[in-house]
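Trainee: Sequence:
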Amino acid sequence: MHDDAPHLGEPGGRVRSCRINATADEIRIGTMSTMNEPSPPEPSDCVGRVGSSSPAACTAATIGGPRACYFCAHGGAPLADSPLILDHVFDHEANHPSRVVLTQPIGSGQVVDYTWAQVLDQSRRMATHLQSRGLAPGARIAILSKNCAHFFMAELAIWLGGHTTVAIFPTESAETVRFVLEHSESSLLFVGKLDSWPQQQPGVPAGLPCIAFPLAPPTAFDTWDVITARTAPLPGRPARAADELAMLIYTSGSTGQPKGVMSTFGALTRDALVARHLERVHARLRGDGLR
Numbered sequence: 399m400h401d402d403a404p405h406l407g408e409p410g411g412r413v414r415s416c417r418i419n420a421t422a423d424e425i426r427i428g429t430m431s432t433m434n435e436p437s438p439p440e441p442s443d444c445v446g447r448v449g450s451s452s453p454a455a456c457t458a459a460t461i462g463g464p465r466a467c468y469f470c471a472h473g474g475a476p477l478a479d480s481p482l483i484l485d486h487v488f489d490h491e492a493n494h495p496s497r498v499v500l501t502q503p504i505g506s507g508q509v510v511d512y513t514w515a516q517v518l519d520q521s522r523r524m525a526t527h528l529q530s531r532g533l534a535p536g537a538r539i540a541i542l543s544k545n546c547a548h549f550f551m552a553e554l555a556i557w558l559g560g561h562t563t564v565a566i567f568p569t570e571s572a573e574t575v576r577f578v579l580e581h582s583e584s585s586l587l588f589v590g591k592l593d594s595w596p597q598q599q600p601g602v603p604a605g606l607p608c609i610a611f612p613l614a615p616p617t618a619f620d621t622w623d624v625i626t627a628r629t630a631p632l633p634g635r636p637a638r639a640a641d642e643l644a645m646l647i648y649t650s651g652s653t654g655q656p657k658g659v660m661s662t663f664g665a666l667t668r669d670a671l672v673a674r675h676l677e678r679v680h681a682r683l684r685g686d687g688l689r
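Residue numbering for the sequence shown follows the numbering used here, starting at 399 and increasing by one per position.
Since the hints were derived computationally from the structure, they do not count as laboratory data.
Every residue, glycine too, gets a C-beta built ideally from N, C-alpha and C.
What follows is a list of derived Cβ distance ranges for each label pair: (1) L683 / T617: 45 to 53 Å; (2) G532 / G634: 16 to 24 Å; (3) L683 / Q599: 44 to 52 Å.
Generate the whole structure from the sequences, applying the supplied hints.
Mentor: Have a look at this one:
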C-alpha cells in the first residue's frame, strides 16, 4: 500500500490508502501529506456563517492567527481566486513528481506503478491529441471502463484539453450505452477494461471515434500507447473556470431512461475540500490523530 502517495483530487492532508475495487482489477490510491500544515478549525470553533463566500467571515483562532474553516471558506461555491482541482493536481506534479499515485495490477501478481510525473506526462500527451482533433471547447468525451489507472489519466486529459467527461457505468447494456453517448452528444469514446464488451459494442454509434486503453478488450481502435508515444505533452497549467462543466454522470437507468447529473469544477473542488475536512473529523473521533 502506498500510504504517502498523493490522491488525484485531494488538496492536501494524509489519510490511509483506499482501494478502488477489491479484486485483481483494483488500483490503489493514497493521499499526500502537506508538511507543517495546521489542521483547519472545526466548524464548532468557527464563529463565521457556514457557507459564507468570504473567509473573512470566519474568525476562528488557530495557530498562526485567524483562519477560515473549510466549511466557511468552501461551504458554498469556492472563492473566485481559490485553487481548483486541476491547480492541486499541477501542484502535486511540480512538488512530488516521483511519488507513486496509481498502482495498476496487470495479472500474474504483477503491477505497474505510476508517479505523478508519469501520470501527468501521459495525460498531457493525450490532451494534445484531443486538441488536435478540433473538438469544440467543452466537448463531451465519454469513458466506458472499469476502474483502472488509465481511467484517471483519461479524465485528466479530457480536462486538460478543455473538454467534459461523460462517465458510463462499465456494466451498462448496449441500449444504455447508445442512449448515453447520443444524449450527451459525445464526440469520442475511451474504451477500457470491460467484462461484457462484445455485448456492449453494438451500442457504440457507427463512426464515433474510439480510443482503447492498454487493458481494453481486443479492438480495431486507435490505442492509448500508440497515440501517447507519438504525441508531445501539452505544456503549462491549462485553467478551467469554477463554473465550467467538468463531468456528466449518468444514473443507471434502472427505473427508466438514465439521467445526466452535471458537476462543475467548482463543485468538484468544494466536494474534495469538504470530504477532506470530514476525514479529519472522523480521524479525530477514531483517535487516529490525522494531521
